[in-house]
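With chain V held as given, fit chain U with the ligands onto it using these hints.
Here the protein sequences line up with chains V and U, keeping their order. Going by the numbering used here, the first residue of the first sequence is number 1, and it counts up by one from there. Going by the numbering used here, the first residue of the second sequence is number 1, and it counts up by one from there.
Careful: at least some of the hints might be erroneous.
Calculated pairs, DSBU-like style, for lysine-lysine (alpha carbon to alpha carbon, straight line, at most 35 Å) [claimed, not checked]:
{"id": "1", "chain 1": "V", "residue 1": "K138", "chain 2": "V", "residue 2": "K181"}
{"id": "2", "chain 1": "U", "residue 1": "K203", "chain 2": "U", "residue 2": "K161"}
{"id": "3", "chain 1": "V", "residue 1": "K144", "chain 2": "U", "residue 2": "K2"}
{"id": "4", "chain 1": "V", "residue 1": "K138", "chain 2": "U", "residue 2": "K337"}
{"id": "5", "chain 1": "V", "residue 1": "K167", "chain 2": "U", "residue 2": "K2"}
{"id": "6", "chain 1": "V", "residue 1": "K181", "chain 2": "U", "residue 2": "K161"}
{"id": "7", "chain 1": "U", "residue 1": "K212", "chain 2": "V", "residue 2": "K144"}
{"id": "8", "chain 1": "U", "residue 1": "K2", "chain 2": "V", "residue 2": "K138"}
{"id": "9", "chain 1": "V", "residue 1": "K167", "chain 2": "V", "residue 2": "K9"}
{"id": "10", "chain 1": "V", "residue 1": "K167", "chain 2": "U", "residue 2": "K212"}
{"id": "11", "chain 1": "U", "residue 1": "K161", "chain 2": "U", "residue 2": "K212"}
{"id": "12", "chain 1": "V", "residue 1": "K167", "chain 2": "V", "residue 2": "K144"}
{"id": "13", "chain 1": "V", "residue 1": "K9", "chain 2": "U", "residue 2": "K337"}
{"id": "14", "chain 1": "U", "residue 1": "K387", "chain 2": "U", "residue 2": "K178"}
{"id": "15", "chain 1": "U", "residue 1": "K161", "chain 2": "V", "residue 2": "K143"}
{"id": "16", "chain 1": "V", "residue 1": "K229", "chain 2": "V", "residue 2": "K167"}
{"id": "17", "chain 1": "U", "residue 1": "K203", "chain 2": "U", "residue 2": "K178"}
{"id": "18", "chain 1": "V", "residue 1": "K138", "chain 2": "V", "residue 2": "K167"}
{"id": "19", "chain 1": "V", "residue 1": "K167", "chain 2": "V", "residue 2": "K143"}
{"id": "20", "chain 1": "V", "residue 1": "K143", "chain 2": "U", "residue 2": "K203"}
The hints are simulated quantities; they were obtained by calculation from the structure and are not laboratory data.
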Amino acid sequence: MSQPILALKGVRKTYNAGTDVAQEVLHGIDLELQSGEFVALIGPSGSGKSTLLNIIGLLEPATSGSYRLDGREVTQLSEDEMTRARLETLGFVFQFHHLLPAFSALENVQIPGLMRDGSYTPERRAEALRLLEAVGLKGAEQKKPAQLSGGMQQRVAIARALALSPKLVLADEPTGNLDTKTADDIFALLRRFNQERGTALLVVTHDADLAARCDRVVRLVDGVIAEDKLIHASAAPV
Amino acid sequence: MKFEWTVALRFLREGRMQTALIIGGATIGVGLIVLITGLINGLQGDLIRRTLGTLPHIVVRPPDEINRGQLAQAQGGIGAASAAAEKARLSLPDIPSNAEALASTQRKVEALANTQARAQRLRSIDQWQQLAAQISATPGVVAVSPNVSGAALALRGEADKAVNLQGVEPAPFLRVTKFDEKITAGTFQLNTGDIVIGTQLAKDLGVGIGDKLRIQTARNAGDAFTVRGLFDAGNRDANRRNVYVNFRTGQSLLDLAGGASNIDISIEDVFRAEEVAKALRQRTDQQVESWIETSSQLFVAISNQTFFTRLIRIFVAVIVAVGITSVLVVSVVQKQKEIGILRAMGAARGAILRVFLLQGAVIGLAGAILGSGFGTLLMAFISRVFKSPDGSAFLRLQIAPELYAAAVGISLVFGVLAAIMPARRAASLDPAQAIRI
Ligand SMILES: Nc1ncnc2c1ncn2[C@@H]1O[C@H](COP(=O)(O)OP(=O)(O)OP(=O)(O)O)[C@@H](O)[C@H]1O
Ligand SMILES: [Mg+2]
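Chain V on its own, in the form it takes in the complex:
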């Protein structure tokens, strides 16, 4: 058994705690992900998928429970330590890609490296070019996001998420506003990186077909895990 990349125990999340409108959104989540696993997180709207993903992504704190990321308890970390952990361990892909409009595709992919190393190094540049080629954007490196289609922008976002070779990539509806064909391609891309690099992926999706192509499907209903099943053997070495 390899070490879990993440382990949640009894994680609860209450919004607006201590006020009249206090609302518990997650009611004790237990979840473990192994390195290299490709997991789909599904569930009806409002069930708490994004909230859970944000907690895992250290973007918001859990109200209670424990969370170990890559073997380290992270619930007590300071804001700056969490920021550091995001930079070094995690990659993000969002529904609305969120590229920086003022930067070219290549620059967008190089930003995580610039943040970590404080400079553009030739190695990072070469790696960024390789990643863009891998996501099928050779020739579009100097284009600004506005000059790219939605699918292409999402590819840039994926290349960016992988720039620092994170152990875990979190994707919140990465194909949410793409047509079926493009969504298919993006999913294939995620799968490829998962297999080639052993990157663990946790992907929120509404698309049952896409979910069925993952190794494991976790279904969230009303803030509890209603179902958690393995559907394929993990690509990662066990």
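Showing chain U with the ligands alone in chain V's frame:
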């Protein structure tokens, strides 16, 4: 910092119109400040030059009343004696002899206080050479000119005129008064037997360069002098009364052999004349007067002017700062998504803070550099177009490096200060909130 610089510059470039407008605003603000400062400095410099003319910034004279003066001197003696006694006590605790010296000095003082005032006559500053050397070494002092001055009579044929005879050492005198700028004919040459007089006196006596006239005083039958230069001090009375001869000649004419009746001083910053005078007063019992005392109205007028221009400059700077703040606040709102994604990707709050502080700094710096150029152009324009009644430039174009350095420094500081609030706002954006939008 490379990350912060990259993002800050890119954000500014992205906000084209906004950035151009606020840098334009800062440029106008800094240009205005540079212009006002240059204008006021020029006008005040001019005013001081015209009004003070050739007057020294500080004059040291013997004390007014002979008794009080010597009393003060004697008291100085007591001070010195007691200081010496103190010193002696510290180094040789068993010797009591200085107490005796103290007592004797005190007796002298009492005796002096009872002495009658001597008839007023021209007196020399005690040990003026030593004092002049001391003054030269005082910080802020540029030039020191000891001289003698007293009443005399200028005679030519039938005509005679009462004059104020000044015996000066040409080199230091010119350094203090820049008197050579006032020479309208001949040169300020003062060998033995040479004299420089005002244009008005020359007219009154009917003399010109190379002509001879006679100078005579109450104590000296006098000598014949050759006129070597004529001056126009910009003041009819000075042009009529002041005549300049060699220091040594002046000493003998005024019966003050080896003495100096006053020491004229010029200093670096005319507005610190009172400070320098105060420092000198602590060192000497002589009378020390600065132009700020003797021309107090001028000084008050200039001080008020300085105060109001400072007020205007502060207002302009604050307006520019508020402009920068509001533009950056808008920019933070516009970019909250991008800021959120940067934070989510692992940009620290400090990094986001610096991104916006840098933008403020860049706007301030750009405004300062462009504004310095703009202000200089305005000054050049004004000095070319507006002329004084006498046809000279109304404003002397002063390219003072300190002014530009100050403009850049202040603008930079204001730019950063103006960015603090928006920068903190940007840094405190919740990334989870920002990416949900
Ligand atoms: N910042 C917040 N403050 C208060 N309530 C919130 C906040 N964010 C989410 N919620 C609530 O938490 C619940 C879960 O929201 P969440 O966004 O996690 O659902 P989801 O499963 O991602 O839904 P969807 O599929 O529509 O994206 C919802 O009822 C939502 O209103
Ligand atoms: Mg969601």
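Hints versus structure:
{"no.": "1", "hint": "K138(V) x K181(V)", "verdict": "20 Å, holds"}
{"no.": "2", "hint": "K203(U) x K161(U)", "verdict": "12 Å, holds"}
{"no.": "3", "hint": "K144(V) x K2(U)", "verdict": "21 Å, holds"}
{"no.": "4", "hint": "K138(V) x K337(U)", "verdict": "27 Å, holds"}
{"no.": "5", "hint": "K167(V) x K2(U)", "verdict": "26 Å, holds"}
{"no.": "6", "hint": "K181(V) x K161(U)", "verdict": "113 Å, violated"}
{"no.": "7", "hint": "K212(U) x K144(V)", "verdict": "90 Å, violated"}
{"no.": "8", "hint": "K2(U) x K138(V)", "verdict": "27 Å, holds"}
{"no.": "9", "hint": "K167(V) x K9(V)", "verdict": "20 Å, holds"}
{"no.": "10", "hint": "K167(V) x K212(U)", "verdict": "105 Å, violated"}
{"no.": "11", "hint": "K161(U) x K212(U)", "verdict": "14 Å, holds"}
{"no.": "12", "hint": "K167(V) x K144(V)", "verdict": "28 Å, holds"}
{"no.": "13", "hint": "K9(V) x K337(U)", "verdict": "31 Å, holds"}
{"no.": "14", "hint": "K387(U) x K178(U)", "verdict": "24 Å, holds"}
{"no.": "15", "hint": "K161(U) x K143(V)", "verdict": "92 Å, violated"}
{"no.": "16", "hint": "K229(V) x K167(V)", "verdict": "22 Å, holds"}
{"no.": "17", "hint": "K203(U) x K178(U)", "verdict": "24 Å, holds"}
{"no.": "18", "hint": "K138(V) x K167(V)", "verdict": "25 Å, holds"}
{"no.": "19", "hint": "K167(V) x K143(V)", "verdict": "28 Å, holds"}
{"no.": "20", "hint": "K143(V) x K203(U)", "verdict": "86 Å, violated"}
The structure fails hints 6, 7, 10, 15 and 20 (numbered hints given earlier, in ascending order).
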